[in-house]
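K.L.:
Single-letter residue listing:
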Amino acid sequence: MLMIWQQMWIYVAENLPEILLAVKDHMILLVLLPVGAAAAVAVPLGVMATRWPLLERLAIPFADVIQTIPSLALLALLIPLGFGIGNKPAIFALFLYSLLPILQNTYTGIKNVDPDLKEAAVGMGMTDFQLLWKVELPLSIPVIMTGVRTATVMAVGTATLAAMVGGGGLGCYIVRGLQMMRDYMVLVGAIPSAVLALLADGFLVLVEQWVTPKGLRLLQQKSQ
Amino acid sequence: MAVRDLNFTVEDGEFVVLIGPSGCGKTTTLKMVNRLIEPTSGELYLFDKPAVSWSKVELRRKIGYVIQSIGLLPHLTVAQNIALVPELLGWSKNKQQQRVDELLQLGGMDPATFRHRYPAQLSGGQQQRIGVLRALAADPELILMDEPFGALDPLMREQLQIELKNIKERLKKTIIFVTHDLNEALFLADRIIIMKEGMVVQDDTPEGVCQSPVNKFVAHFVHRALSPAVPTTIVSRLRPERVVAISNRRRS
Ligand SMILES: Nc1ncnc2c1ncn2[C@@H]1O[C@H](COP(=O)(O)OP(=O)(O)OP(=O)(O)O)[C@@H](O)[C@H]1O
Ligand SMILES: [Mg+2]
Chain A
1 MLMIWQQMWI YVAENLPEIL LAVKDHMILL VLLPVGAAAA VAVPLGVMAT
51 RWPLLERLAI PFADVIQTIP SLALLALLIP LGFGIGNKPA IFALFLYSLL
101 PILQNTYTGI KNVDPDLKEA AVGMGMTDFQ LLWKVELPLS IPVIMTGVRT
151 ATVMAVGTAT LAAMVGGGGL GCYIVRGLQM MRDYMVLVGA IPSAVLALLA
201 DGFLVLVEQW VTPKGLRLLQ QKSQ
Chain B
1 MAVRDLNFTV EDGEFVVLIG PSGCGKTTTL KMVNRLIEPT SGELYLFDKP
51 AVSWSKVELR RKIGYVIQSI GLLPHLTVAQ NIALVPELLG WSKNKQQQRV
101 DELLQLGGMD PATFRHRYPA QLSGGQQQRI GVLRALAADP ELILMDEPFG
151 ALDPLMREQL QIELKNIKER LKKTIIFVTH DLNEALFLAD RIIIMKEGMV
201 VQDDTPEGVC QSPVNKFVAH FVHRALSPAV PTTIVSRLRP ERVVAISNRR
251 RS
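Quick mapping for you: the protein sequence lines, in order, are chains A and B. Final position of the first sequence in this note's numbering is 224; the numbers increase by one with none missing. Final position of the second sequence in this note's numbering is 252; the numbers increase by one with none missing.
Because the hints were derived from the structure by calculation, they are not lab data. Computed from a predicted model, the values in this text were never measured in an experiment. Please note: incorrect hints may appear among the correct ones.
[Stated by the list, open to error] A short list of chain B residues far from chain A (calculated; beta carbon distances all over 10 Å):
1) Asp5
2) Thr28
3) Ser69
4) Thr77
5) Asp139
6) Gln161
7) Lys168
8) Val201
9) Asp204
10) Glu207
11) Asn215
12) Lys216
13) Arg224
[As the list claims (entries may be wrong)] In silico lysine to aspartate or glutamate, EDC-like type, Cα no more than 20 Å apart, as pairs:
14) B/Lys173 <-> B/Glu141
15) B/Lys165 <-> B/Glu38
16) A/Lys134 <-> B/Glu58
17) B/Lys62 <-> B/Glu11
18) A/Lys222 <-> A/Asp201
19) B/Lys56 <-> A/Asp25
20) A/Lys118 <-> B/Glu147
21) B/Lys56 <-> B/Glu43
22) B/Lys56 <-> A/Glu119
23) A/Lys118 <-> B/Glu87
24) B/Lys95 <-> B/Glu38
25) A/Lys134 <-> B/Glu163
26) B/Lys168 <-> B/Glu158
27) B/Lys56 <-> A/Glu208
28) A/Lys118 <-> B/Glu38
29) B/Lys62 <-> A/Asp128
30) B/Lys56 <-> B/Glu38
31) B/Lys62 <-> A/Glu119
32) A/Lys118 <-> B/Glu58
Glycine included, each C-beta is placed from N, C-alpha and C at the ideal position.
Using the sequences and the accompanying hints, generate a full structural model.
P.N.:
Structure below.
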């Protein structure tokens with residue numbers, strides 16, 4: 001048991017620059033990029049779903065279906081669909097996976113804004129756009145951010161699969177370790193990705209608090 | 001159908017109180033005035049024009065509205081809440097701030113203390129005050145108030161009633177005020193409209209309502225409001241131990 005830790009540390013010490021590069025690829029190429037793109041698509045889509053009944057009935061079931069496809073199967077499916085191998089199919093799959101939590105939370109966040117508040121706002125003469133921009137979105141920020149957080153934590157873990165289709169990231173060490181039957185090398189991929197998931201989660205909790213309007217935070221504290 | 005047979009006019013500068021038991025259609029009536037609810041039949045005139053000829057948004061910005069559940073926006077400060085309609089109307093920041101301070105003073109709240117607070121940092125009574133001030137902000141010709149003092153203790157309630165009466169006498173606003181407290185109605189109203197099950201039962205001055213109720217329902221309503229605070233049926237139901245507990249005397 002002691003052996004494996006020692007081996008791992010030796011490996012890390014000898015390959016640190018390469019490992020850090022893998023961490024960078026993992027977090028930027030396979031997490032930040034797909035989750036960011038998903039947020040850019042899913043937030044407006046979630047907003048529109050609260051306005052257009054047709055979209056409401058299509059978008060969320062669609063994202064739901066994607067979510068139920070096993071991640072490895074989705075990755076494999078994207079290869080013959082023109083994405084080839086490497087990071088590209090992985091980025092696209094992670095993008096698709098991140099859509100649902102963000103879409104869902106944007107949609108329910110807005111739908112769950114206190115109807116009395118909406119009525120007060122409309123009754124005072126807000127247009128639908130003003131209602132959205134000045135009331136519904138600010139009040140949904142915590143819920144939307146929770147969706148982003150869920151998507152991010154999921155992506156950090158799922159990104160390890162990118163190596164299965166020739167992509168980069170920390171998954172490379174897991175795949176290589178399994179192929180070469182070197183347990184310590186598996187740990188070089190597995191431990192940092194678990195730690196990164198926790199760090200990303202903690203970081204986004206802070207971001208969530210930071211972007212939540214102050215008055216809303218005070219209200220949350222009061223009702224606790 | 002929440003409202004069935006409703007027929008009344010409100011004159012410029014009049015303080016009209018809608019009153020009736022829970023579920024009789026008071027809130028529904030107010031919401032028809034600012035077109036949150038459209039009547040399925042009948043005619044509604046606002047500011048001498050058919051309601052439907054107004055743009056909803058424009059109309060609502062001319063009408064102050066205090067909703068039953070207060071409805072302050074929790075993410076906005078007191079100042080931003082009060083200046084909501086002025087902001088929608090595009091007033092300059094300077095003018096907005098002036099107006100906010102003026103109104104806070106009118107409502108007996110120190111501007112420097114309260115301007116930057118959030119609704120979560122206010123007591124229930126202070127929130128209701130801000131709700132009322134918000135409705136006054138853009139100097140609307142007509143103000144709708146749906147049980148604005150509903151959730152208050154009697155003392156605070158009385159104080160705000162007096163303040164509102166002062167405000168009304170100073171500002172000469174047209175106000176439609178909903179309550180189910182006849183004492184409140186008698187104190188504030190120029191005219192009282194008593195409703196029951198979506199219909200107007202009596203439309204009269206406070207004196208008229210008290211002195212010549214049109215039917216048993218109104219008579220009962222008046223009798224209950226004018227009799228002592230605790231109805232006899234409840235007094236007779238209080239057991240002696242209870243009375244002791246309330247007056248906090250030591251038990252022997
Ligand atoms: N959105 C709605 N759809 C259908 N019926 C409604 C709706 N809102 C209210 N009602 C019904 O309409 C009737 C009148 O409701 P309204 O809210 O106007 O009563 P109210 O006089 O304001 O009562 P309260 O004193 O309890 O506030 C009630 O019977 C209520 O159940
Ligand atoms: Mg009501």
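K.L.:
Find the nearest Cβ of chain A to the Cβ of B/Lys216 and say whether that gap is larger than 10 Å.
P.N.:
holds, 35 Å
K.L.:
Report holds if the minimum CB distance from B/Glu207 to chain A is greater than 10 Å, and violated otherwise.
P.N.:
Nearest chain A Cβ is 33 Å from B/Glu207, so the label holds.
K.L.:
Could you let me know if the closest chain A CB is still more than 10 Å away from the CB of B/Asp5?
P.N.:
holds, 25 Å
K.L.:
Hey, is B/Asn215 genuinely clear of chain A, shortest beta carbon separation above 10 Å?
P.N.:
holds, 33 Å
K.L.:
Beyond 10 Å from chain A, beta-carbon-wise, is B/Thr77?
P.N.:
violated, 7 Å
K.L.:
B/Asp204: least C-beta distance to chain A exceeds 10 Å?
P.N.:
At roughly 29 Å from the nearest Cβ of chain A, B/Asp204 sits farther out than 10 Å, so the non-interface label holds.
K.L.:
Straight-line Cα separation of B/Lys62 and A/Glu119 no greater than 20 Å?
P.N.:
holds, 16 Å
K.L.:
Are B/Lys173 and B/Glu141 close enough, with their CA atoms no more than 20 Å apart?
P.N.:
holds, 6 Å
K.L.:
For a C-alpha distance cap of 20 Å, please report whether B/Lys56 and A/Glu119 respect it.
P.N.:
holds, 13 Å
K.L.:
Does the claim that B/Asp139 lies outside the interface with chain A hold up, using a Cβ gap greater than 10 Å?
P.N.:
Correct as stated: the minimum Cβ-Cβ distance to chain A is 14 Å, above 10 Å.
K.L.:
Is the Cβ of B/Gln161 farther than 10 Å from every Cβ of chain A?
P.N.:
Holds, because the least Cβ-Cβ distance between B/Gln161 and chain A comes to about 22 Å, which exceeds 10 Å.
K.L.:
Within 20 Å, alpha carbon to alpha carbon, are B/Lys62 and A/Asp128?
P.N.:
At roughly 18 Å apart (the allowed maximum being 20 Å), A/Asp128 and B/Lys62 satisfy the hint.
Violation of the numbered hints given earlier is confined to hints 3, 4, 15, 18, 19, 24, 25, 27; the remaining hints are satisfied by the structure.
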